[in-house]
Amino acid sequence: MTIKLTYWSVRGLGESIRHILRYQNEPWEEHTLTISTEGFTEWMQMRDADDMPFGNLPFIEDTDTGKKVTQSITVLRYLGRKFGLFPTDPAEIVHCEIVEQEIYDLRNKMTTAVYNPYNGFGPYPGSEIGKFDHEFLKGRFAQRVGERIPKFEKTLNKPFLLGVRPCYVDFLLYEILDQLKSFLPEKFEGSNNVLAYLKRFEELPNLKDWFQSDKYKEGNYINAPMAAWHGKK
Amino acid sequence: LSSGINAEYGGESIRHILRYQNEPWEEHTLTISTEGFTEWMQMRDADDMPFGNLPFIEDTDTGKKVTQSITVLRYLGRKFGLFPTDPAEIVHCEIVEQEIYDLRNKMTTAVYNPYNGFGPYPGSEIGKFDHEFLKGRFAQRVGERIPKFEKTLNKPFLLGDKPCYVDFLLYEILDQLKSFLPEKFEGSSNVLAYLKRFEELPNLKDWFQSDKYKEGNYINAPMAAWHGKK
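Listed in order, the protein sequences are those of chains A and B. To convert, note that position 65 of the first sequence is 65 in the numbering used here; the numbers rise steadily by one, no gaps. To convert, note that position 26 of the second sequence is 1026 in the numbering used here; the numbers rise steadily by one, no gaps.
In case anyone wonders, no lab produced these hints; they're calculated from the structure. Glycine included, every Cβ here is placed at the ideal spot set by N, Cα and C. Where hints are given, some of them may not hold.
Claimed, not checked - A few chain A residues that face chain B, going by a derived Cβ cut-off under 10 Å, partial list only: (1) I73; (2) K151; (3) E153.
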């Protein structure tokens, strides 16, 4: 199986996929779309291609079979099954599925809080009426995060989500918690389990090399550069 | 089954699969009011609630709560034998279920004003919601997606002859979108045939022919810019 990942260069929804591939020491090809008119045009062609199930980024392609898998959760599950990082116990499966959807909800709501939906882009004009209030939406989002952190704190009373070793959801969970910690650091104060979890993830074999690399330390955008908050230090 | 309103998206899909299975269920409806909201906050922060979201179901035998509509559909799908075993079918189901969820999320963004105050929380003085603009952007997206659904629904149900758990999500989102953006469905014969076919499934047929169904229900909350009640 040779994996090709297509995404923008930012962390966003793609970084979780990169993490699980790093952990598994599975080399992959990265096809990066630039955030530009050219990148967008290229994306539109890929999106409407016949063999693309539904056009979304990120997506992976198994270059052996040509099969494309889209939707970050679906990709993580697909790779999780291939890499033996998928639970078999029914109660663990339900727990994983609740958490992965929660992660996705948080990611979606962060997106709503940081991207101005009224901007024009490419050939599409912006709105003359709509006005984006980032601080207000950030405040509402912060409230939600404040309600969720205690639940994460409670479930992370063990090394990883299901126990002693990571499963596919941990690659999504680490990434959202780390992104949220950059966005709303005050919400994480005193959450010892969560903070310990983040450190522990960064010390996993193979992943440790990434987190100690110069490339990582350079820092990357979490969201696109035009977002009201993009997370690049 | 606890849900916010009588026909919130994720809630109705759960009802459909229970109807199809002829599985009786108890419905706990929260009213869209201060009382309903207060009641919800208490439930949400309860110790045995994994993460507080609506809708959620509770297996009253075990007391176990399952939240997140996709997770609930998967849980019930497994219990009712409506979950695929073939790996390629599983991937296809998972891609489609996430796509459905994305569409539902983006519809939500297009119809609910995020700058409204509610309960003790004040609204925004700066933000201004442009429903028509967001509806337009959303309509573009839907227009791109329908051909993909049209292509995959060249068979009775998503995976073949019989429904699987995703069909209960898929019917609901397509029907809601057809109410919201009817022009996007013109000429999509496979999709339109699929919707009719779903409404004729055993047990579900009784629901779709009932007076209660014909009364019509809200798709979104009454305060949404578009709530879908005829």
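Structure-based check of all given hints:
| no. | hint | result |
| --- | --- | --- |
| 1 | I73 | holds (6 Å) |
| 2 | K151 | holds (5 Å) |
| 3 | E153 | violated (12 Å) |
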